[in-house]
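Student: These protein sequence lines are chains A and B, in that order. Going by our numbering, the first residue of the first sequence is number 11, and it counts up by one from there. Going by our numbering, the first residue of the second sequence is number 1363, and it counts up by one from there.
Take these hints with a grain of salt, some might be off.
[Claimed, not checked] Derived lysine-lysine pairs resembling DSSO-like cross-links, with alpha carbons at most 30 angstroms apart:
no.: 1; chain 1: B; residue 1: LYS1537; chain 2: A; residue 2: LYS1070
no.: 2; chain 1: B; residue 1: LYS1376; chain 2: A; residue 2: LYS1070
no.: 3; chain 1: B; residue 1: LYS1520; chain 2: A; residue 2: LYS1069
no.: 4; chain 1: A; residue 1: LYS1070; chain 2: B; residue 2: LYS1372
no.: 5; chain 1: A; residue 1: LYS28; chain 2: B; residue 2: LYS1431
no.: 6; chain 1: A; residue 1: LYS552; chain 2: A; residue 2: LYS1039
[Said to hold, decoys possible] Listed next, the stretches of chain A that the computed footprint assigns to chain B, with coverage defined by at least 3 CB atoms under 8 angstroms from CB atoms of chain B:
no.: 7; region: 65 to 78
no.: 8; region: 239 to 251
no.: 9; region: 439 to 448
Honestly, the hints are just simulated from the structure, not real lab data. Built from N, CA and C at the ideal position, the CB exists for glycine as well.
The lines below spell out each chain.
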Amino acid sequence: MKKALLKDSLKEIKNTYKRFISILLMAFLGVGFFAGLRASSPDMVDTIDKYYDNQNVYDIQVISTLGLTDEDIEALSKVDNVENVYGSYEVDGKIETENSEIVAKVIALSGVNNPMLLEGEMPQNVNECLVEPSFLIANDKQIGDKIIIEIEDTTNDSGDKIPVLKHKELTITGTAKSPLYISRDRGKSSLGAGTINYYIYVASDNINVEDIYTSVYITAKDAKKYTTSSEEYEDYIEELKQNIEAIKEERENARKQSLVNVADKKVKEAQEELDTQKRDAESKIADAEKELENARKEIQDGEAQIYLNEQNAYVQFNNAQQELDNAKTQLQTKEQELNNTNFDDLELKKQELQTNLDTVNMTIPALQTQYESLSKLLEDENLPIDQRQIYEAQKAALEGQIIELQGAKQSLEAGIQEIENGIAYAKQQLENGRYELEQAKAELERQEQQLNNTKWTTYTQIANAKTEIENAKVELQNGEEELEKNKKDFDEKIADAQKELDDAKEKIADIEKPNWYILDRNTNAGYVSFKQDTKAIENIAKVFPLVFFLVATLISLTSMTRMVEEERTQIGTFKALGYSNLQITRKYVLYASLACIVGGFLGACVGFVLLPKVLWALYGMMYQITDIRINFKLDIAILGLVLISVCIVGATVYTAFKELKNTPAVLMRPKSPKSGSRVMLERIPFIWKRLNFSNKVTVRNLFRYKKRFLMTIIGILGCTALILTGFGIRDSVTRILPSQFGNVFCYDFQITLKDSISKEAKNKIISDIENDVRFEKNARVYMTSGKLTSSESSEDVEVIVPEDEQAIDGIINIRDVKTHEKTILKDNEICITDKVAQLLGVRVGDTITLENTDDLKVEVKISDIVENYVSHYVFMNKVTYESLYNEKYNSNVILTKNVELTKDETNALATEIMNRNEVSSVSNITALSDSIQDMMSLLNYVVVILIVSAGLLAFVVLYNLANVNISERIRELATIKVLGFYDNEVYSYIARETVILTIIGIVLGLCFGYVLNYYILGTCEINMLRFTKTINPISYVYSVLITVVFTVIVNIATYFSLKKINMIESLKSVE
Amino acid sequence: MAYIEFDNIKKEYKMGEVTINALNDTTFSVDKGQLVVIVGPSGAGKTTTLNILGGMDSATSGKVMVDGKEVTSLKGRELIKYRREDIGFVFQFYNLVQNLTAKENVELATQICSDSLDPDEVLDNVGLSQRKNNFPSQLSGGEQQRVAIARAIAKNPKLLLCDEPTGALDYKTGKQILKLLQDTCKKGKMTVLIITHNTAIAPMADKVIYFKNGSVEKIENNSNPTPVEDIEW
């Protein structure tokens, strides 16, 4: 019996394979979408969970305002449920390349959050590093190249500045992706343009500061057992956070204490040093003073001695002089005496004698002369003798006189001689005395000389001594002066040291308690946005399959109703034969179940693989994770199967039982055909009269089969809506960039200037740009990163402060989001972009907290919410900026709008600007938006998926309905065929209805698609983006056309089915 | 040459490996304006004959001529055209379109024929002047069959083929229908073929063709047919 039933069922499947397949397809689609969508979110979570587990990603991160120490790690590792604690270093650094200045997050490889090696090798040596692949591409580097990372020196606990890295020049050994940065967001930095561009992994040995970690990562015991972001995981981590919270205070204090201790020790050492120095200085001064004193005394003594010696010498010399003088006087007296010895008498006598002599002498010659003259005359023989005689007589007289005179003369001469001898003797005597006197004088002189010599020597000695003393005195003075100076120096130094010490002491008092932040994965931006996205998919997974289940239920309801109705007679027969209701129903249940199970299982298999993969491919644009892990989730598959079975088998059982309520007799009689009735429209003769016959028939038929009418509309509506949604998503997403870079950001280049640029250099580049004809206009702005916080949440933003609000118009259009009117930046208020306003739940007039890169928080009022599509911005004017931050405004970015240039010209211009020294980076908006646009083209997948699923839906629904329609109305169709309707007339008899239903379906579908698009975009909208939620007019056209194509294909099938209708068979059978 | 020539028609149905001969060398002829009754037991080939004659089925071999037109050689669209213009069918179960009123059912036929009759007139003729705007479900069986006949006649066909037109009707109503058919034939000068297993109504025909086991058993010409009112069964 049962075998017969099974056989009957299988035969039934074979005979009505179209119906079977259509139900199977419904199950396939229903379960496929359900399972695939349901599994996508868990698969994505599972993928990231396994990725995190494999890369040993932290569960909890602890950061402290004062860094963390080995003691902290020790304490943390003792906390319950903590598996491992890793100290980590993460610092921002700058890399200068030929054409840009890159800000990188430098992370030490520390065994946690391990990067996943993509290419090359892990760093083995201290001077090696890993980079992300895009770094290589963007900077034209290769593995093996070298980069130099500049990191600002850090301060160790002792307050000394030390470099962070041992080696700044690093060799790239490979590329890797970091589990810490799964999204493209790398966070903000106080360096460069304010955003981190890349992460770089370095060997932990390369870190110079081994004792203070920038953060500590904790892996929880057993956490790997839980799936990340699951409730169990979150609860478990929350508990662990509480555990850590418990030691937080103690560790904070300990850290403070250790810092205080270090400082205290330092102070103490400084104090000791100071004291020692003080003591040293004092003793040195004392020594010096003593020395000086001694010197002073010595000088005094010396002076006294000298005085004494001088005095003595003086006395002695005086005495000696006295003696000498006495001796001199004596000598003078003697000399006087000698000089006084008189030869005058003698001289006088002598004189007399001499005079006499002289007279004699004079007389003699005269006599002689006379004599001679006489003699002569005598000689003259001729002399008369008389004369001669006279002469002789005279001669003889003369002779006698002469002889007499000669005698006198002799006596005179003897007298003179005598006198002369006496004089000579006396003179001799005097001479002798004189000689003696001379001798004495010489002696005296010698003595005097000696005395003088002695005196000189003595005085020289004294003078020398005096000079010495004088020198010593000068020395002493110098010494005194130096001492004085040293004393002053010492005092100053000590005062300085004292001040330093005091400062240090004060600082100790100022050492604040560090603040620990205990964070979990929910503070990792990429992770959070990924989590949000999986939630969005989960939401879609809740709604989307419902459509399919609903359609599946309706379709199977009609199909099975038709099937049961077709077999009414057979059912009646079985019943009459004595089969129980259950047994009879079993056939249909079996039929439906088989379709459900086979279709559902296949659907689950395909859905589990296809949908997560496709979604992953789409999300892959945004995230850098591993390949998705596909899981066959039995629970979801079973749930899907159960749901679809409830829908389809339920519908089957319902229809079967509805029929089985009748008695066999009733069942075996033909079911009276659905009677015709007037429709509402006929009561409006105005319209009804204007309809031709065929249209009247059509209208009446439409209202006759209300269930099918509704279902066809739903099917087509769904089809159109899905296609429109697909196009709508693409339109909206691809519209983002044109909207952002066409409506809001109209500049071509963003030229970021270097931090260190001088005013002159800045003016130079500005004037160069002003004068370059290739730039149509430019505007200077100050750009920085910030964080907006409302009572609800907080978001990272870019802050833009234009230098001149007029100049920026047309470069950045700051427009009200609703009115699209230009907004004026008000003093002391800010404008924020609309997505961030939505995320933070704030409105115009609200006050919001804005935090800058230096963690300075200010409260400010929102003056307007402005249009923007990509990421979040805050706009404010100079006045606001200066008053908020109390800082002088200084622009750091030049935005330029270029004249019409070719791509090559633009690139050349960008390179030219980049090569300037003043420029840190140039971003070319056209190139940027081009590349993103390429990425966005992946979105066509979404459109394809939706079109394919829409097509499948349309096919299944329409084909099924068409079949039901034909089989339900087969007699009617056969009749009109018999009446001689041509094939196309028969077709149009049916098709007219289809066309109308299709039109209604399409119109409603466009409306519903609009709403669905809005809903899906709202659910999927990424935090950083504002979808425009627009659908291009052409998309409506495409949606309609594609729906029409699907309908036409189904109708072609219908056409052939109609053609194949066997009139005889159809009319012969007894209903 | 007769108006209808049914010449050596053979019809085989292939049911898997079994070949069933529905008709074997069936030959008969009908003159224009005749009322022909085809009688015979179930499975004798009556309906097959009618179907082939009406262009609803094709013969395996043999030739059918209707008003000089070789029906057996018609294909596809020509065959439909033949059905459309030359044939009117009346079935046992009326086969009215439930969603159309009596008049609309007639219009369904007239709108596709070039020289159709006025639906109202036809309905008046079949005695349904008062029920024109009723739906089939609001009509009795006889009335429904009248609508069916009206629909067939309205096309102004050359042949009116009726397959057990009274099969689902009670005696009295059946009689009325037969009367209508006889009147149509006589007054409307229409050639009418009626299939029935009820031999009792044979006297109303001009010609009675007896079928047995897929072939014509005998043909009786009745020069003086009895009016339906006078026939009792």
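Student: Hints the structure violates: just list their numbers, smallest first.
Tutor: 1, 5, 7, 8, 9
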